[in-house]
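Chemist: Protein chains in written order, with our numbering: chain X, 17 to 132; chain S, -6 to 335; chain G, 7 to 607.
Hints may be right or wrong, so weigh each one.
[To be verified] Straight-line alpha carbon distances no greater than 30 Å define the calculated DSSO-like cross-link-like pairs of lysine-lysine that follow: (1) 51/X with 164/S; (2) 265/S with 72/S; (3) 76/S with 251/S; (4) 90/X with 404/G; (5) 120/X with 356/G; (6) 141/S with 249/S; (7) 298/S with 265/S; (8) 463/G with 51/X; (9) 143/S with 87/S; (10) 266/G with 90/X; (11) 404/G with 109/S; (12) 484/G with 307/G; (13) 356/G with 46/X; (14) 596/G with 90/X; (15) 265/S with 206/S; (16) 545/G with 46/X; (17) 458/G with 404/G; (18) 463/G with 361/G; (19) 356/G with 124/X; (20) 298/S with 90/S; (21) 87/S with 109/S; (22) 251/S with 386/G; (23) 51/X with 129/X; (24) 538/G with 124/X; (25) 267/G with 46/X; (26) 76/S with 46/X; (27) 267/G with 120/X.
Just so you know, the hints here were simulated from the structure itself, not pulled from any lab data. Note that the structure is predicted; figures quoted are calculated from it, not measured.
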Amino acid sequence: MVSFGFELLDSKRIDYNKSDGRLLNEILEKEPSFKRCISCGGCTATCTAGSLTNFNIRKINLMLRHGQTEGLEKEISKCMLCGKCFLVCPRDINLRNVIMLIKKGVLKYNTEKKKI
Amino acid sequence: MKQIVTIGGGIAGIEASTTLAQMGYDVTIIEKDKNTGGKMNEWNVLFPNERPATEITDYLYKKINNSNLHILTGTTISKATRKPNGSYSLLTDKNEKLHADTILISTGFEPFDATKKEEYGYSIYENVITSVDLENMLRKGQPILTSKGKKPKRIAFIHCVGSRDAKCGNKYCSRVCCVTGIKQAIECSRQLPDSEMFCFYLDIRMFGLEWEKLYQSAQEEYNVQFIRGRMSEACENQDESLIIKAEDTLSGLPLKMKVDLIVLLVGITPGKGTKDMASMFSLEREENGFLHIDDPHFGKNYSSKKGVFITGTCVGPMTVDETLENARSAAVEIDNYLTKIK
Amino acid sequence: MDIPFFAWPFLLGITFIIVFFIIISIIWITGLSGIDRVRIRKNFFTVKTFQAIWEVFRESLIHRKMYKRNPVLGYMHMSFAFGWFLLIVVGHIEAAVHYHTLNFPFWKSIFFRYAETNPPVTFIAKAFSAASDFLLIYIFSGVFLALYKRFNSKPFGMKKTTHLKTGDKIALIGLWLIFPTRYVCESITAGIYHNGSFFTQPTGNFLASFLPLQSIELASWWVYSLSLAVFFFALPVSRYMHIPVEILLIFVRKYGVRLKKHVNGYTRIQTFACSRCGVCLDSCQMIKANINNSQSVYFLKQIRGRKLNDEQLFNCLLCGRCQKDCPVGLDLNDLRITQRIESTKTYNSKYDYLKGGISPQADVVYFTGCMTHLTPSIKKAMLNVLDYANINYWFMDKDEASCCGRPLMQAGQYEAAKKLIRNNTEKILSSGAKILLVSCPICYQIFNEDYKLPGVKVMHHSEYLLELVNQGLIPTIKLPVNAVYHDPCTLGRGSHIYEPPRELLKNYLSLIPMKQEKEDALCCGGSLGNIKIEMDERKQIRDDVLDTFKSYNPDQIITACPLCKKTFAMGTDIEIHDLAEVVWKGISRKEHLDKKIRLPI
Ligand code: SF4
Ligand code: SF4
Ligand code: SF4
Ligand code: SF4
Ligand code: SF4
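So here's chain X without its partners, still in its complex pose:
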């Protein structure tokens, strides 16, 4: 079997009702430009980490929107913060800030979950 992208997703379909939007909301609040993504894929195409792994920064956006934060911590840690993505983004999204916010936020929510 080929592995398509990364496996954040256990289930076969997106269940918006179960989705956890806290991380996304926090990120959108701190980096509103993230709302503007049109999923053009430019960022993933140019991505330095993406040329070495199956890291897909655009898909992380989608996953967050679907509220899927499982496995995100490991996934986001692949980014090298090189900044190519924000140089090609046609919507001027400040992706490096998004990445740093995910890195920090995901940790926070994971520890919260563990406590529960």
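Guided by the hints, dock chains S and G with the ligands onto chain X, whose structure is given.
Modeler: Same frame as chain X, now just chains S and G with the ligands:
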């Protein structure tokens, strides 16, 4: 007789001016180039029905011959003085004085300067060309060849170059490049039936009534393939072929593709002529650089200044048919205006 | 002991502040690393101590650097610091001369006019008394400037004065009262005993004409002493704490202590040594984009107040302009990076997907850098030149290579950056190359600062191309082009490479000198150092810089960084080139003229 001066002798300028002349006005067209016709002279065939561009210019020249108007080619305006009643006295660079009861600006567009998107390699890599270059090749009947003189086995058409791109400051959609790209892919495919054509798109915007058909025929009859993803950059191989980096966003995987020719579907930008005229007549411009229109529904030919009318692509991206319509509507608006001011 | 009661507040205040400062210095110095403490011990009894004293005199008293940057502001600070210092020194000498001994009660030199009411008779005594009056006037000139600054900060070149806290206000009131009250006390005493000089005596006589001076004399000295006490007690919680801390900083720095990648005593010293002069606000281009809450002065204030938040910490271009202008000489870039390291250390990446491997053998490793892949014109020019000069090179990051790690470092991801550094180091060293050639100043800086590459010389392409020219390996031709050269922040202020690009370019075109060059170069606005800034704000900074360039009417703008080039390119119709492109264009032109071979353009 009321006098009108039209600045810009492209298709919008000619259509409006000839219409006005036939209504009985004294019209003068000022054109900076040697010939009238503007960008239409560089085009081969038009979408959606592959009508040769010469049919449009022929139609316009016939109209010119049937109307009584003055055309000053190779001329630009060097000074404009507004009078209290809203009329202008103009001075050309050849020191001719003109009186105008009203002005019509139809300075048109410039294709986006693709060298600005350095990562796409235009003017760096030999085999990266723009849709304008390709159209010129097709018009002159030149065979489509790579820099090494070979038939390209694979051609990629890149959508939205210089449009919908905040990095270039052009946040708008140029409206014509999707359909132009598909039209050109079909033309290339006809000339090179064994080669592959790929369109890298963000959205396919085929809003004209017949256009979706064109899209479908590109898929069915010409085997043009569509990949949803924006090219991030191109690199060159030793043999001058190119590698495209993009993401196939529908499958969510990055993609690398070796191609022999890249065609950048460059967008419509307000040209220097438009900018110059805006400052000469102190017209407002939008953030995107196009001339400000007074009202998006009722005042599409009105500029921010009374007595100065605007038409064609100096206002925003338009197709050829829309431009001609817009020009005729400008003629009507000017007629209304001149009748009222008496 | 015959110490008058009114002197006690002052004596307590000064004792308090001295003890406080000694304790805090001990805490900070013990907070240094072992090696740094050894450094201090070893250098203590050397000439370094004298150098430090000299520097304290120059910077803490005379404020030479501030004066250079802004004469009015410099004068203001100097009149306070140097004036007060002289007042104390003169007071002591006066007392020593008067008592013919150095062993006189301390309070007497501070409240000398109160203690010795006999009018000065000898010439020397008169001179002393005139000197202290003169110094009082000198300080007053500074007080007036300071008052003026409160209401109108324009003449100081400052766009914005810094905000005040409560502690600042109390200390400020104390400070402002000290000199006027001293003036009043001395005048009153002079009015009674005729022991004043040209400034205090006439005032005293005037006051005597309508006030019962005898009955208010003591009260006025109380006020003076209390003002001093207020100032000393408020000092630790006020901005004026920087005065003693700066002195400590000068010594510690002289002894060779440097910032580390983690917070330690030296970080604290630097943080508290900031004088809140606000010079850094003036240097900062982010003001152009209306970002005015994260500049160095605010950032340091937040650390001191333990209120640092990510929004401000990461909203800085790390352009180094404020660091260059800071009169205290704080390492503002590294201070910020250290804080970023602290703030992000719980989430560093491991990059266990990175693979080692055997590199091809070559003389030169060419590392173009992530950014340069988005400016293929630079990349192609470099490869063409290397081929032309017949260099045996290995293009390390042609595809599928990792980043140099500098952007991670700037974001505080130090542990993560170390992983990339290790991986890249392995690859570079195993190629056996003697030269690591880089096209991106961002990479250049980290290769120089944080990589250990024994036997490998790291060269930015400006240095390398110059060497090729000097060795006669590539031809030169001077084209009729007038250009301005933009120093990229990381190459200029970051790595101090100012001359090689200029020397190289002079072979191919004419350079127009600018005011905003070398150390004073502007930042293009594109810097990766800022994680928070929005693209629109970057564009505002960029447009402002482009306007500056335009005022010099250049045919071309030349830079030496792919990121600068990319940032500028979209904002202007003036041609923007990297110097590698200039060189390659020159070579092709020359070859074309000589008709030797056909070259790809
Ligand atoms: S480049 Fe920008 S707009 Fe395109 S997918 Fe990435 S984030 Fe979204
Ligand atoms: S910053 Fe991260 S996500 Fe963006 S291109 Fe670089 S590695 Fe990829
Ligand atoms: S018409 Fe198509 S190619 Fe042109 S800008 Fe719009 S979406 Fe992009
Ligand atoms: S950081 Fe330096 S320049 Fe800025 S306020 Fe402090 S001392 Fe002044
Ligand atoms: S480093 Fe540059 S951007 Fe940051 S505060 Fe200093 S001057 Fe401003």
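Chemist: Given the proposed pairing of residue 404/G with residue 109/S, does the C-alpha separation stay at or below 30 Å?
Modeler: holds (23 Å)
Chemist: Can you confirm whether the C-alpha distance between residue 298/S and residue 265/S stays at or below 30 Å?
Modeler: holds (20 Å)
Chemist: Take the C-alpha atoms of residue 267/G and residue 120/X, compute the straight-line distance between them, and say whether it is at most 30 Å.
Modeler: Answer holds: residue 267/G to residue 120/X is near 20 Å, not above 30 Å.
Chemist: Against the 30 Å threshold, does the CA-CA distance of residue 251/S and residue 386/G hold or violate the hint?
Modeler: holds (18 Å)
Chemist: Does residue 361/G sit within 30 Å of residue 463/G, going by the straight-line distance between their CA atoms?
Modeler: Holds. Residue 463/G to residue 361/G sits at ~24 Å (cutoff 30 Å).
Chemist: Holds or violated: residue 484/G and residue 307/G, Cα atoms, limit 30 Å.
Modeler: violated (51 Å)
Chemist: CA of residue 298/S to CA of residue 90/S, is that 30 Å or under?
Modeler: holds (22 Å)
Chemist: When you check the alpha-carbon spacing of residue 120/X and residue 356/G, does it fall within 30 Å?
Modeler: The hint holds at about 15 Å.
Chemist: Holds or violated: residue 90/X with residue 404/G, Cα cutoff 30 Å?
Modeler: Between residue 90/X and residue 404/G the Cα gap is close to 27 Å, so the pair holds against 30 Å.
Chemist: Would the pair residue 51/X and residue 129/X pass a check requiring their Cα atoms to be no farther apart than 30 Å?
Modeler: holds (26 Å)
Chemist: Within a Cα-Cα threshold of 30 Å, do residue 87/S and residue 109/S meet the stated pairing?
Modeler: This hinted pair is violated, its Cα atoms lying about 34 Å apart.
Chemist: Sort out whether residue 404/G lies within 30 Å of residue 458/G, counting only the CA atoms.
Modeler: OK: residue 458/G and residue 404/G at ~23 Å, within 30 Å.
In the structure shown, a violation is registered for the earlier hints numbered 3, 8, 9, 12, 14, 15, 21, 26, in ascending order.
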